[in-house]
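If you read the first sequence in our numbering, its first letter stands for residue 17, the second for the next number, and so on.
Hint data in this document are derived by calculation from the structure and do not stem from the laboratory.
This one's a predicted model, so the numbers in the text were calculated from it and none came from an experiment.
Treat the hints with caution; some may be incorrect.
To be verified - With a straight-line Cα cutoff of 20 Å, these simulated SDA-like cross-link-like pairs (lysine to any residue) come out:
# : residue 1 : residue 2
1 : K52       : K76
2 : K211      : E179
3 : K18       : P242
4 : K57       : S26
5 : K52       : N25
6 : K76       : N123
7 : K241      : K211
8 : K211      : A169
9 : K52       : L35
Stated by the list, open to error - Pair ranges (Cβ atoms, derived):
#  : residue 1 : residue 2 : range
10 : P154      : D56       : 32 to 42 Å
11 : A169      : A193      : 18 to 28 Å
12 : T180      : R143      : 18 to 28 Å
13 : F60       : V175      : 38 to 48 Å
14 : D56       : N123      : 21 to 31 Å
15 : P97       : R258      : 29 to 39 Å
All C-beta atoms in this analysis are idealised placements derived from N, C-alpha and C, irrespective of residue type, glycine included.
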Amino acid sequence: MKFATWNVNSLGVRLPQVLAWLQANPVDVLVLQELKMTDDKFPFDAFGQAGYSAHCFGQKTYNGVAMLSRHPASNVVRNIPGFADDLARVISADVAGVRVIGGYFPNGQEPGSEKFEYKMSWLRALRHWLREELVRSPKLMLMGDFNITFDDADVWDPVALYETIHCTEQERYELRALIALGLHDAFRLFAQGPKSYSWWDYRDGGFRRNRGLRIDHILVSDALKPAVSNCFIDRSPRRNERPSDHAPVLLELATAEP
DNA sequence: ATGCCTCAGCTCCTGAGA
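Produce the entire structure from the sequences given, and follow the hints as far as they go.
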């Protein structure tokens, strides 16, 4: 079983790249973020022809998430139950015995701002919900654009970016609090090259100079961890013409299911 | 360097992203 997450920064623009990528990387489940489209525009047919059924949760202009799957997805839930939110950020479903959660975490813009406070509230709500979700579904995977780095190893210039958005202690505290629920950063379960990032600024040759951040993550629960056989970032789509600023992250599960 | 790209939309500028 293979899983992946990708912030596509507009599915309208990136659909051909997503289809090409799926052809080369026929993962079982792909969660997408930043669709930037309403559900009536979602390309169900194109994904269907590629062998994927899809559940989407979109909105106009911003945000928007989806889950594509080669296997039946059930118990689909949108956003964080009990947390009132106007923005489309989370989609969850059971696929092949795994509770899969795809999320587009708030950006936060700037520490101390109203959007930062929203990000912190959202993170706390996510944590409280996940604590219960893990009881209901011990085999759980949380993946998406977290908009948070774990530590300096995830940051191209930790000195210049000290305590800036995605790198603050407050955000990292919440990320560690998710880990403390019994989750694991799948990427770090395996040896990785230095300066491994999942996002690069469009400006100033960010990708060419590998000035990036690792902010897209796949977390796996205790029960799932023993089955994880690989996790890596695929940088190749960042070399496309008109690329997303994010690269996909993939995970392989050594399991007989389904 | 409160910027350098890119995207959507109340589209030829602005807000947001990260």
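Here is how each hint holds up against the structure:
For the proposed pair K52 and K76, the alpha carbon gap of about 6 Å is at most 20 Å, so the pair holds. In summary, the hint linking K211 to E179 is supported, as the alpha carbons are separated by about 19 Å, within the 20 Å threshold. Between K18 and P242 the alpha-carbon distance is near 15 Å, which keeps this suggested pair within the 20 Å criterion. With a C-alpha separation of about 12 Å, the suggested pairing of K57 with S26 holds against the 20 Å cut-off.
For the proposed pair K52 and N25, the alpha carbon gap of about 7 Å is at most 20 Å, so the pair holds. A distance of roughly 17 Å separates the Cα atoms of K76 and N123; the hinted pair therefore holds under the 20 Å criterion. For the given pair, K241 sits about 24 Å from K211 by alpha-carbon distance, which is inconsistent with the 20 Å threshold. Annotation: proposed proximity of K211 to A169 holds, straight-line Cα distance about 7 Å (limit 20 Å).
With a C-alpha separation of about 17 Å, the suggested pairing of K52 with L35 holds against the 20 Å cut-off. Between P154 and D56 the beta carbons are some 36 Å apart, a value that agrees with the proposed interval 32 to 42 Å. For A169 and A193, the Cβ-Cβ distance of about 19 Å falls inside the hinted range of 18 to 28 Å, so the restraint holds. A hinted range of 18 to 28 Å holds for the C-beta pair T180 and R143, which are about 23 Å apart.
Here the CB-CB span from F60 to V175 is close to 46 Å, well matched to the stated 38 to 48 Å. A hinted range of 21 to 31 Å for the beta carbons of D56 and N123 is consistent with their spacing of about 26 Å. For the pair P97 and R258, the beta carbons lie near 36 Å from each other, so the given range of 29 to 39 Å is met.
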